[in-house]
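Okay, here's what each chain looks like letter by letter:
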Amino acid sequence: MPKGAGWRIALIIAFVVLSGIYLVPTLVPKLPDWWKGMLPKDKIHLGLDLQGGTHLVLEVDTDKAVDGTLDLVATDLEDVLNDKNLRFKRISRTAGNKTTIVLYEKDTSDAVQKILKDKYRDYEIISSSEEGGLFGVSLRMKEKDIQDRKDKAVAQALETIRNRIDQFGVSEPVIARQGINQIVVQLPGIKDPQRAIALIGRTARLEFKMVKEGVSPTGGAIPEDAEVLYEKHTDPDTGAINEIPLIVHKKALITGDLLTDAQVRIDSQFNQPYVAIEFNSLGARLFDQITAANVNKRFAIVLDNTVYSAPVIRERISGGSAQISGNFTEKTASDLAIVLRAGALPAPVKIIQNVTVGASLGKDSIDKGLMAGGIGVLLVICFMAFYYKLSGMVANLGMALNILYLMGAMSALGATLTLPGIAAIVLLVGMSVDSNVIIFERIREELRLGKYPKSALETGYDKAFLTIMDSHVTALITAAVLFQFGTGPVKGFAVSLSLGIIINLFTSLMGTKVIFDMFLYKGTVKKMSI
Amino acid sequence: MIEFLGKTSFDFIGKRNISFVISAIISVVGMFAIIEMVRGTANMGIDFTGGTSIQLKFDKAVPIADARKALHNGGIAEFELQEVKEGNKLLVKLPRKSALAVGKAAEIVPAAFTKSFPGIQVTVDSTTEIGPSIGDKLRKDTIIAVAISMLGIICYIAWRFDFKFGIGAVVATLHDVLAMFAAYYLTGKEFNLLFITAVLTIAGYSLTDTVVVFDRIRENMHKDLKGSLHKIFNSSINEVLSRSIITSLTTFLAAISLFIFGGEVIHDFSFALLIGIVVGIYSSVFIASPIVLMLEEKSLDKVQATPAKPVKA
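One line per chain: the protein sequences are L and F, in this order.
Residue 115 in my numbering sits at position 115 of the first sequence, with consecutive numbering throughout.
Residue 127 in my numbering sits at position 127 of the second sequence, with consecutive numbering throughout.
Simulated from the structure, these hints should not be mistaken for lab results.
Backbone N, C-alpha and C define an ideal beta-carbon position, used for all residues, glycine too.
Misleading hints may appear alongside valid ones.
Below, in silico cross-link-like pairs of lysine-lysine (DSSO-like), each with a Cα-Cα straight-line distance of 27 Å or less [said to hold, decoys possible]:
#: 1; chain 1: L; residue 1: Lys114; chain 2: L; residue 2: Lys144
#: 2; chain 1: F; residue 1: Lys15; chain 2: L; residue 2: Lys389
#: 3; chain 1: F; residue 1: Lys7; chain 2: L; residue 2: Lys526
#: 4; chain 1: F; residue 1: Lys302; chain 2: F; residue 2: Lys164
#: 5; chain 1: L; residue 1: Lys454; chain 2: F; residue 2: Lys7
#: 6; chain 1: L; residue 1: Lys251; chain 2: L; residue 2: Lys297
Facing chain L, from chain F, some residues (calculated, C-beta under 7 Å) [stated by the list, open to error]:
#: 7; residue: Val28
#: 8; residue: Thr208
#: 9; residue: His230
Listed next, the stretches of chain F that the computed footprint assigns to chain L, with coverage defined by at least 3 CB atoms under 8 Å from CB atoms of chain L [claimed, not checked]:
#: 10; stretch: 6-17
#: 11; stretch: 64-70
#: 12; stretch: 234-248
#: 13; stretch: 267-275
#: 14; stretch: 293-301
Full structure from sequences and hints, please.
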């Protein structure tokens with residue numbers, strides 16, 4: 001054996017075995033139990049473009065989360081001032097991340113400022129003079145707290161979405177934060193993407209509000225503490241949506257965060273699904289008090305500013321359970337139960353990217369990709385065998401090693417294979433023999449000069465080395481950039497390409513050379529099949 | 001030994017005026033395409049513009065005129081319809097300004113079809129909805145990606161070769177990229193992320209041929225210090241001509257099987273690769289080398305001209 005061939009062959013074989021081991025889970029449908037214990041059991045990940053699925057990017061409206069906090073401060077303040085009998089004109093959230101109290105008298109203003117200083121240490125207190133000689137006192141959220149609130153809102157939204165998806169039942173979802181206010185959701189193999197999208201994107205803010213009686217919703221002025229919300233009725237036959245306006249108090253008496261459970265039930269009388277909800281102890285107490293105080297009045301169950309139902313309170317309800325009925329189908333009721341259980345999003349989210357690939361298109365892509373790959377490989381193999389004879393077969397062997405190593409490496413690194421990734425592999429098939437072509441052509445030249453095969457081989461490899469390095473490095477530069485900037489399928493392309501380039505460098509400079517060395521090391525061979 | 005080309009002695013360098021004119025035209029078209037792209041008037045993929053594209057599959061053929069009517073009846077005012085080559089498939093593109101919220105289109109568009117053709121089965125093959133902010137970000141990222149990879153390649157070449165070869169290689173690479181833009185523009189194909197991916201791949205790959213030629217030129221320049229540069233360049237190109245062609249040919253074979261058998265999703269992508277591979281070999285012979293020769297000759301003239309100066313003074 002030639003010097004140094006031993007360890008090179010050992011390395012090649014070791015990589016073959018390693019790649020083989022990593023590829024077993026992908027190729028063997030059912031792994032034996034002893035295998036799972038200690039050997040790799042992950043298959044090659046297929047991108048969403050191959051297995052079908054949905055890729056969503058959501059943007060959390062973090063400003064709304066800040067607004068929400070300030071609204072809470074306003075409600076809270078209202079109670080505090082009412083408790084202390086301090087007269088005020090209004091309390092509301094105002095522009096510039098403030099909650100402003102408008103008061104009639106200077107004295108009350110001073111008293112209020114004192115309370116605020118005590119109770120809201122984290123806020124900046126600003127006094128101003130308002131229109132008509134009134135006094136204004138504002139609480140302003142500090143920049144640091146605003147950022148903090150926004151950050152928390154995204155983290156909370158992510159958790160809530162994760163809960164919803166878990167309850168919806170998707171295998172191996174990916175839910176991750178991206179940048180400052182974005183969340184990436186990947187749902188592989190999902191059957192009903194539209195339903196999942198609706199489920200994820202819903203804010204699901206549940207509120208119980210009293211209906212304001214004696215005010216016509218269709219005309220006339222709406223009192224300052226009330227608002228118009230709509231109850232939507234979908235006609236099951238025509239699909240037409242009918243909107244009924246309702247005037248309700250702005251202030252919510254109970255909100256969804258006081259729930260402990262929500263379940264779908266079927267109404268035995270009308271065979272209609274509804275959602276049964278359970279309150280926690282605070283919620284149960286509030287619900288008890290409110291129903292007791294408002295018998296024979298109507299209250300509205302509002303979800304994301306849409307009225308679901310507005311029943312009349314017949315009697316005091318204790319025990320902390322209630323039900324939401326509306327025009328539910330079994331699916332919509334179960335989705336509502338999921339979002340109520342998982343909780344509301346701290347702020348609305350907007351879907352800014354949705355890439356959904358149907359399972360059949362994905363399957364089609366795999367089939368066609370494999371077919372194109374197979375034909376490409378075959379074409380290249382035939383060409384090399386025809387043009388370079390036995391040496392061409394050595395190059396083909398190198399290419400086969402390349403593909404094996406690449407698949408093994410992707411499997412080992414948990415990289416994702418996408419359709420452009422398959423394209424990259426096919427392309428690499430062509431590129432992997434390139435290095436050999438450069439070497440072979442050089443060898444041919446040396447042979448023409450009358451050199452012996454052994455020395456022609458040495459010179460061929462030596463002189464081609466730099467050229468091969470150059471072409472690989474430049475290709476690697478662009479592959480790395482694609483990896484950095486690409487998402488989804490493009491990233492898959494970059495992963496396959498860059499791994500392939502590195503592996504190719506190894507097989508062409510070490511793998512195929514050792515085979516030649518084995519045959520030619522004595523230096524007595526007179527003819528080379530090239 | 002099987003050889004397609006025996007010993008050749010084409011006068012590649014002598015044809016440089018012709019090739020420069022051809023390449024100038026290609027490059028101008030390519031630059032025009034890029035300008036059109038930046039202005040947003042070229043056929044842009046929704047990756048960059050934002051908007052929605054939905055591919056639908058029907059169990060029966062739906063004439064495009066009927067499909068148009070169905071969408072109008074479904075309340076969708078602004079859209080583009082494209083027929084997909086295989087199967088009974090249609091591609092519906094909705095512009096960014098469309099009133100539909102992201103996440104809704106995949107409901108509304110198929111519903112419009114089922115309403116107009118009750119007997120027909122519609123399945124959504126794929127949906128891509130890109131919000132405006134994502135489109136803008138992708139466009140920005142793409143420009144940065146292209147700029148960085150070009151810079152990376154230039155730096156590497158500058159380090160590996162001397163200045164004149166570096167310029168030749170960079171011009172050839174830019175030329176290949178422009179040619180891909182030109183081909184895409186002229187065939188009316190859609191500029192999308194996959195196209196950019198193909199462009200960057202070719203930018204990295206097309207250098208192989210150029211490097212092969214350059215290495216040989218340098219080798220021969222060292223061997224033959226007195227010969228005319230014109231002759232050295234020509235013979236170098238001729239010596240490595242067959243390997244330039246064969247390396248491109250093997251990759252071409254792989255790319256063409258992707259083009260023919262790879263399916264609709266990567267059809268245009270492989271088209272771009274094919275163009276890039278072919279143009280890559282042309283540019284290494286007809287652009288890169290002649291440019292280096294011109295620069296070499298210019299610097300030689302200068303060297304010969306300098307001694308004259310002191311005499312005059």
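So, going through the hints one by one against the coordinates:
Of the supplied pair hints, the one linking L/Lys114 and L/Lys144 holds, its CA atoms being roughly 24 Å apart against a limit of 27 Å. A distance of roughly 35 Å separates the Cα atoms of F/Lys15 and L/Lys389; the hinted pair therefore is violated under the 27 Å criterion. This hinted pair checks out: F/Lys7 and L/Lys526 have alpha carbons roughly 24 Å apart, not beyond 27 Å. For the given pair, F/Lys302 sits about 15 Å from F/Lys164 by alpha-carbon distance, which is consistent with the 27 Å threshold.
About 24 Å separates the Cα atoms of L/Lys454 and F/Lys7, which keeps this hinted pair within 27 Å; it holds. Taken as a hint, the L/Lys251 and L/Lys297 pair is honoured in the structure, with Cα atoms around 16 Å apart against an allowance of 27 Å. Evaluation of the F/Val28 hint against chain L yields a violated restraint, the C-beta minimum of about 25 Å exceeding 7 Å. Interface hint status for F/Thr208: upheld, as the beta-carbon distance to the closest one in chain L is roughly 4 Å, under 7 Å.
A hinted interface residue such as F/His230 counts as satisfied when its beta carbon comes closer than 7 Å to some beta carbon of chain L; here the least separation is about 22 Å, so the hint is violated. Counting residues of the stretch 6-17 of chain F whose CB lies closer than 8 Å to any CB of chain L gives 0, which falls below the minimum of 3, so the coverage claim is violated. Against chain L, the stretch 64-70 of chain F contributes 0 residues with a C-beta closer than 8 Å to a partner C-beta. That does not satisfy the three-residue criterion, and the hint is violated. Counting residues of the stretch 234-248 of chain F whose CB lies closer than 8 Å to any CB of chain L gives 6, which reaches the minimum of 3, so the coverage claim holds.
Under the rule that three or more residues need a Cβ within less than 8 Å of chain L, the assignment of the stretch 267-275 of chain F holds, with 3 such residues. Residues of the stretch 293-301 of chain F lying with their CB closer than 8 Å to a CB of chain L number 0, which falls below the three-residue condition for coverage.
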